[in-house]
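Student: Next come the chains, spelled out residue by residue.
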Amino acid sequence: QQQVKQSPQSLIVQKGGISIINCAYENTAFDYFPWYQQFPGKGPALLIAIRPDVSEKKEGRFTISFNKSAKQFSLHIMDSQPGDSATYFCAATSGSRLTFGEGTQLTVNP
Amino acid sequence: GAVVSQHPSWVICKSGTSVKIECRSLDFQATTMFWYRQFPKQSLMLMATSNEGSKATYEQGVEKDKFLINHASLTLSTLTVTSAHPEDSSFYICSASPPGLAGPDTQYFGPGTRLTVL
Chain A
1 QQQVKQSPQS LIVQKGGISI INCAYENTAF DYFPWYQQFP GKGPALLIAI
51 RPDVSEKKEG RFTISFNKSA KQFSLHIMDS QPGDSATYFC AATSGSRLTF
101 GEGTQLTVNP
Chain B
111 GAVVSQHPSW VICKSGTSVK IECRSLDFQA TTMFWYRQFP KQSLMLMATS
161 NEGSKATYEQ GVEKDKFLIN HASLTLSTLT VTSAHPEDSS FYICSASPPG
211 LAGPDTQYFG PGTRLTVL
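Line by line, the protein sequences are chains A and B.
Residue 23 in the numbering used here is what sits at position 23 of the first sequence, and the numbering runs on without skipping anything.
Numbers in the numbering used here are just positions in the second sequence, counted from 1, shifted up by 110.
If you are wondering where the hints come from, they were derived from the structure by calculation, not from laboratory data.
On a predicted model such as this, the values are computed, not experimentally measured, just so you know.
Any given hint might turn out to be false.
Label pairs and their computed distance ranges (CB to CB) [said to hold, decoys possible]:
| hint | chain 1 | residue 1 | chain 2 | residue 2 | range |
| --- | --- | --- | --- | --- | --- |
| 1 | A | Gln105 | B | Trp120 | 21 to 29 Å |
| 2 | A | Ser65 | B | Ile122 | 27 to 35 Å |
| 3 | B | Thr190 | A | Gln105 | 25 to 33 Å |
| 4 | A | Ser94 | B | Ser164 | 19 to 27 Å |
| 5 | B | Ser128 | A | Lys5 | 43 to 51 Å |
| 6 | B | Lys124 | A | Pro40 | 33 to 41 Å |
| 7 | A | Asp53 | B | Leu136 | 31 to 39 Å |
| 8 | A | Gly60 | B | Lys165 | 24 to 32 Å |
Derived lysine to any residue pairs resembling SDA-like cross-links, with alpha carbons at most 20 Å apart [claimed, not checked]:
| hint | chain 1 | residue 1 | chain 2 | residue 2 |
| --- | --- | --- | --- | --- |
| 9 | B | Lys174 | B | Lys151 |
| 10 | B | Lys151 | B | Asp198 |
| 11 | B | Lys130 | B | Thr190 |
| 12 | A | Lys42 | B | Ser119 |
| 13 | B | Lys151 | A | Ser10 |
| 14 | B | Lys176 | B | Lys151 |
| 15 | B | Lys151 | A | Thr99 |
| 16 | B | Lys151 | A | Lys58 |
| 17 | B | Lys130 | B | Lys165 |
| 18 | B | Lys151 | A | Lys57 |
| 19 | B | Lys151 | A | Pro40 |
| 20 | A | Lys5 | B | Lys151 |
| 21 | B | Lys151 | A | Tyr32 |
| 22 | A | Lys58 | A | Gly41 |
| 23 | B | Lys151 | A | Thr107 |
| 24 | B | Lys151 | A | Ala45 |
| 25 | A | Lys57 | A | Tyr32 |
| 26 | A | Lys42 | B | Lys176 |
| 27 | A | Lys42 | B | Ala112 |
| 28 | A | Lys5 | B | Gln148 |
| 29 | B | Lys151 | A | Gly41 |
| 30 | B | Lys174 | A | Lys5 |
| 31 | B | Lys151 | A | Asn22 |
Cβ atoms here follow ideal geometry from the backbone N, Cα and C, with glycine treated the same way.
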């Protein structure tokens with residue numbers, strides 16, 4: 001049973017636009033919510049992460065918005081660039097165990 | 111910092127043979143390492159969690175006799191796929207947690223190993 005649901009499955013954005021990826025979780029024991037970026041043939045790389053006691057975290061062009069009551073969180077990529085084209089995974093941890101969302105393939109057109 | 115390497119990056123083997131994949135934390139000691147499998151265009155699925163000096167904990171549905179995991183030191187974990195078959199072909203990725211470096215909930219991932227079984 002998928003405990004972290006991610007949408008959309010794919011996303012096409014124009015250069016300079018905002019990319020938004022959404023995730024929802026069920027397990028209230030999750031206590032850490034990272035986002036990973038993965039390029040083809042590479043391992044995922046930690047992008048940004050948030051804990052449930054914070055509603056928003058921003059690092060450069062990347063922002064996580066977190067809604068604890070709705071059990072939802074999202075990644076916003078501002079001023080999207082072609083180099084951001086990759087697959088993005090949201091995840092949630094309970095203890096040290098990571099549960100991944102299904103992934104979103106982002107394409108940023110020049 | 112927090113670099114994890116894997117070797118080999120890709121391997122092709124014949125059906126029935128065994129393949130060993132190494133995962134190393136290069137600049138930190140990892141008491142816990144994780145092994146994931148990823149099929150094309152799919153998410154990462156946790157296979158097992160290994161703690162240094164103890165037996166690995168396998169996820170439900172993962173055959174422990176087929177996927178042997180050894181975490182012999184604080185910087186090295188190995189995954190051996192025994193008697194590999196074409197359905198074992200996948201992208202295998204390890205990760206390691208550095209206690210105290212970025213928090214116990216942070217996992218740093220290796221670059222992955224592409225296994226193709228003919």
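Student: Confirm or reject each hint.
Tutor: Verification of the hints:
A hinted range of 21 to 29 Å holds for the C-beta pair Gln105(A) and Trp120(B), which are about 22 Å apart. About 44 Å separates the C-beta atoms of Ser65(A) and Ile122(B), a value inconsistent with the hinted range of 27 to 35 Å. At about 32 Å, the CB distance of Thr190(B) to Gln105(A) agrees with the hint of 25 to 33 Å. For the pair Ser94(A) and Ser164(B), the supplied restraint of 19 to 27 Å holds, since their beta-carbon distance comes to about 20 Å.
At about 37 Å, the beta-carbon gap between Ser128(B) and Lys5(A) misses the expected band of 43 to 51 Å. Judged by the Cβ atoms, the range 33 to 41 Å given for Lys124(B) and Pro40(A) is violated: they are separated by roughly 26 Å. Under the hint 31 to 39 Å, the C-beta atoms of Asp53(A) and Leu136(B), about 32 Å apart, fit the expected range. Take Gly60(A) and Lys165(B): their Cβ atoms lie about 41 Å apart, and the range 24 to 32 Å is violated.
Between Lys174(B) and Lys151(B) the CA atoms are separated by roughly 25 Å; this puts the pair beyond 20 Å, and the hint is violated. Under the criterion of a C-alpha separation no larger than 20 Å, the hint pairing Lys151(B) with Asp198(B) is consistent with the structure, at around 16 Å. At most 20 Å may separate the alpha-carbon atoms for a hinted pair to count; Lys130(B) and Thr190(B) meet this at roughly 4 Å. About 10 Å separates the Cα atoms of Lys42(A) and Ser119(B), which keeps this hinted pair within 20 Å; it holds.
Between the alpha carbons of Lys151(B) and Ser10(A) the distance comes to roughly 11 Å, so the proposed pair stays at or under 20 Å and holds. Distance hint between Lys176(B) and Lys151(B) is unfulfilled; the C-alpha atoms sit about 24 Å from each other, more than 20 Å. For the proposed pair Lys151(B) and Thr99(A), the alpha carbon gap of about 17 Å is at most 20 Å, so the pair holds. Taken as a hint, the Lys151(B) and Lys58(A) pair is broken in the structure, with Cα atoms around 28 Å apart against an allowance of 20 Å.
Distance restraint check for Lys130(B) and Lys165(B): the Cα-Cα separation of roughly 17 Å lies within the 20 Å cut-off, and the hinted pair is therefore satisfied. As the CA atoms of Lys151(B) and Lys57(A) are separated by approximately 28 Å, the hinted pair breaks the 20 Å bound. Taken as a hint, the Lys151(B) and Pro40(A) pair is honoured in the structure, with Cα atoms around 10 Å apart against an allowance of 20 Å. Restraint check: the Cα-Cα separation between Lys5(A) and Lys151(B) comes to about 16 Å, which is no more than 20 Å; the hinted pair holds.
Restraint check: the Cα-Cα separation between Lys151(B) and Tyr32(A) comes to about 25 Å, which exceeds 20 Å; the hinted pair is violated. Between Lys58(A) and Gly41(A) the CA atoms are separated by roughly 28 Å; this puts the pair beyond 20 Å, and the hint is violated. About 14 Å separates the Cα atoms of Lys151(B) and Thr107(A), which keeps this hinted pair within 20 Å; it holds. At roughly 17 Å between alpha-carbon atoms, Lys151(B) and Ala45(A) fall within 20 Å of each other, so this suggested pair holds.
Note on Lys57(A) and Tyr32(A): the hinted pairing holds, with a Cα-Cα distance of about 13 Å set against a maximum of 20 Å. A C-alpha spacing of about 25 Å is found between Lys42(A) and Lys176(B), which places the hinted pair above 20 Å, so the restraint is violated. Between the alpha carbons of Lys42(A) and Ala112(B) the distance comes to roughly 16 Å, so the proposed pair stays at or under 20 Å and holds. Under the criterion of a C-alpha separation no larger than 20 Å, the hint pairing Lys5(A) with Gln148(B) is consistent with the structure, at around 17 Å.
Proposed proximity of Lys151(B) and Gly41(A) is supported: the alpha carbons are some 11 Å apart, at most 20 Å. Using a Cα cut-off of 20 Å, the hinted pair Lys174(B) and Lys5(A) is violated, with the two alpha carbons roughly 28 Å apart. Straight-line distance between C-alpha atoms of Lys151(B) and Asn22(A) comes to about 18 Å, which keeps the hinted pair within the 20 Å bound.
Taken one by one, the earlier hints fail for this structure at numbers 2, 5, 6, 8, 9, 14, 16, 18, 21, 22, 26 and 30, listed in ascending order.
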